[in-house]
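Trainee: At position 26 of the sequence shown (counting the first as 1) the number is 26 in full-length UniProt numbering, and the numbers step up by one without a gap.
Worth flagging that the hints you see were computed from the coordinates, not collected in a lab. One should not assume that every hint holds.
To be verified - In silico DSS-like cross-links for lysine-lysine, where the CA-CA straight-line distance does not exceed 30 angstroms:
| hint | residue 1 | residue 2 |
| --- | --- | --- |
| 1 | Lys193 | Lys172 |
| 2 | Lys54 | Lys20 |
| 3 | Lys85 | Lys303 |
| 4 | Lys193 | Lys176 |
| 5 | Lys85 | Lys54 |
| 6 | Lys127 | Lys58 |
| 7 | Lys148 | Lys172 |
| 8 | Lys127 | Lys54 |
| 9 | Lys86 | Lys303 |
| 10 | Lys193 | Lys148 |
| 11 | Lys86 | Lys54 |
| 12 | Lys85 | Lys127 |
| 13 | Lys148 | Lys176 |
| 14 | Lys193 | Lys303 |
| 15 | Lys58 | Lys20 |
| 16 | Lys127 | Lys86 |
| 17 | Lys20 | Lys85 |
What the hints assert, rightly or not - Label pairs and their computed distance ranges (CB to CB):
| hint | residue 1 | residue 2 | range |
| --- | --- | --- | --- |
| 18 | Asp133 | Asp286 | 35 to 45 angstroms |
| 19 | Asp94 | Gly18 | 26 to 36 angstroms |
| 20 | Thr163 | Leu124 | 48 to 58 angstroms |
| 21 | Glu117 | His331 | 34 to 44 angstroms |
Heads up, the beta-carbon is just placed ideally off N, CA and C, and yes, glycines get one too.
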Amino acid sequence: MDRLAATLAHQISQNIPGTKPLIESTISEDRSLLGHGKPGARSLASKLDDLVFKPCLKALCTGDLSAHDRSPYVIVIDGLDECNKKEDVESFIDYAITFFTRHPTIPLRLFITSRIEEHIRTRLDSKEIHLLDLNSKFRREDLALYMKATFSRAAQRDRALRTQGGTWPEAKELNKLIDYCNGSFIIGSTLIKFVLGAPGDNDPRTPMERLPLALEISHGLDGVYLQILSRSRNLPHFHLIISTLAAIQQPLSISGLSALLYVSTYEVVRVLVNLQAIIRVPNRDDDPVTLFHTSLCDFLVDKSRSGDFYVPPSHHTFLMDRCLNLLFGPHPSNSEECCRYAIIWWPAHWASALTMDPSFDYEEFEMPERWLDALHQPARGVSQPELDIKIFLNESEFHTLKWELHRAMSSFCEKLARWYAAMALLTEEEREHFPRIPTKHGLQGIYGLPVGWHESRTSGEAQHDNKVSKLFATHHGAA
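Work the whole structure out from these sequences, hints included.
Mentor: This is how it looks when you write it as structure tokens:
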């Protein structure tokens, strides 16, 4: 949700006359409106007000573009339930309702598609909201139309299906398939992908042979996921790859997954091709691999549902270690995509390990000194003379990194020093925002301490830190 206001503002500026100069003027006066989750950034409601709703109100309700002169514009938000930050989703809905209640005649509408999860459902009891339940019985006809059209298109491309003379599937089988879905387009589309297969699929069975199997799957989406995942479970690296897809913070390409996991691209593709009913597998190795729906991730992290396919919290610990090793380990990665991911998201995996993985002992965890020194040495694995973090990141990604570091350390580092590797990225002013935590591990906690920090420490702690500060200055030339 961090980028929602800025994304909507861009779309609106391109499509609603008169809004672009208003939005540009607002941004020029307050650059914090473009801050993405960093400390001090504006709230989502505040950014929506200044970047979206106020410009629309001024452009659409004044001058030539009055409510009487044209049909409403429609803002479409698809998959609201897929946003991880529930508080931001609630804030977005609340503010939208408030705005449209105050301005009922504005020629602007908000169209949202979403599963009705609890944090969303509690916000929908308002006369300003018109609900349409796609699981209602009358949706069965739409699902039937979708399935018939999909099978018909498949028959035009598949020689095996053309031999059926347009009679497959029979009405009885099609009705069973529709009944199985119980009005859910997610289940329907997943089942059809399973039945029809996909280019490159290693399953030798024909669609006619797979349809009876689909009808025998235990009811619900969980049964579909179990059946499809079982097709690749015995392949090398299957659990490693599927667990990573469930735990990573943003999609990686086939090449990116290969670099992160130290697995060949061929082995990654070999696992994924049989899962194309539930995972989007791109034709190019440098395009992102994505899940068709976030419900697969929900399924995989719930042991009671996924059983042998369960992704434990310890996988975040594993990914944190991989991220740090491919940046600063003995064999740094040559993958720019993978380095960018590691730089931005290792703190998020660290935070997840601290909160969810009982086997992760943060008191024993210590960043090896070679990783700290790597920031001041020629980088092996990148073409630049130094490992300059900003080489790989745009401004938005850099702010995301700093906020993830701040969030992780503020919440969980009461017994750890602030890490030099993190502090080296920040300005003196930005370092002032970090919590003043007693250091325990020497160099990791000394760099960039605020002026006057020692005054709040005990004499013994201050003497220890002064010694380490001198050592730090000797090794790195710090003042």
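Trainee: Against each hint, give a clear statement of whether it holds in the structure.
Mentor: Status of the hints after comparison with the structure:
In summary, the hint linking Lys193 to Lys172 is supported, as the alpha carbons are separated by about 20 angstroms, within the 30 angstroms threshold. Distance restraint check for Lys54 and Lys20: the Cα-Cα separation of roughly 12 angstroms lies within the 30 angstroms cut-off, and the hinted pair is therefore satisfied. Taken as a hint, the Lys85 and Lys303 pair is honoured in the structure, with Cα atoms around 22 angstroms apart against an allowance of 30 angstroms. The hinted pair formed by Lys193 and Lys176 meets the criterion: a straight-line CA distance of about 16 angstroms does not exceed 30 angstroms.
Taken as a hint, the Lys85 and Lys54 pair is honoured in the structure, with Cα atoms around 24 angstroms apart against an allowance of 30 angstroms. Of the supplied pair hints, the one linking Lys127 and Lys58 holds, its CA atoms being roughly 25 angstroms apart against a limit of 30 angstroms. Restraint check for Lys148 and Lys172: the C-alpha separation of about 13 angstroms stays at or below 30 angstroms, so the hint holds. With a CA separation close to 22 angstroms, the supplied pair Lys127 and Lys54 stays within the 30 angstroms bound.
As the CA atoms of Lys86 and Lys303 are separated by approximately 22 angstroms, the hinted pair is consistent with the 30 angstroms bound. Pair hint Lys193 plus Lys148 holds up; C-alpha atoms about 14 angstroms apart against a cutoff of 30 angstroms. Among the hinted pairs, Lys86 with Lys54 is consistent with the structure: their alpha-carbon atoms are about 24 angstroms apart, no more than 30 angstroms. Only pairs whose Cα atoms come within 30 angstroms are accepted, and Lys85 paired with Lys127 is accepted, the gap being roughly 25 angstroms.
Between Lys148 and Lys176, the direct Cα distance comes to roughly 13 angstroms. Compliance with the 30 angstroms bound is thereby established for this hinted pair. The hinted pair formed by Lys193 and Lys303 meets the criterion: a straight-line CA distance of about 25 angstroms does not exceed 30 angstroms. Taken as a hint, the Lys58 and Lys20 pair is honoured in the structure, with Cα atoms around 11 angstroms apart against an allowance of 30 angstroms. Of the pairs offered as hints, the one joining Lys127 and Lys86 holds, with about 22 angstroms between alpha carbons and a cut-off of 30 angstroms not exceeded.
At roughly 29 angstroms between alpha-carbon atoms, Lys20 and Lys85 fall within 30 angstroms of each other, so this suggested pair holds. A C-beta distance of roughly 40 angstroms is found between Asp133 and Asp286, which places it inside the suggested range of 35 to 45 angstroms. Our hint of 26 to 36 angstroms for Asp94 and Gly18 holds, since their Cβ atoms are close to 27 angstroms apart. As the Cβ distance of Thr163 to Leu124 is approximately 49 angstroms, the hint placing it in 48 to 58 angstroms holds.
Against the hinted window of 34 to 44 angstroms, the Cβ-Cβ separation of Glu117 and His331 comes to about 43 angstroms, which satisfies the hint.
In the structure shown, no violation is registered for any of the earlier numbered hints.
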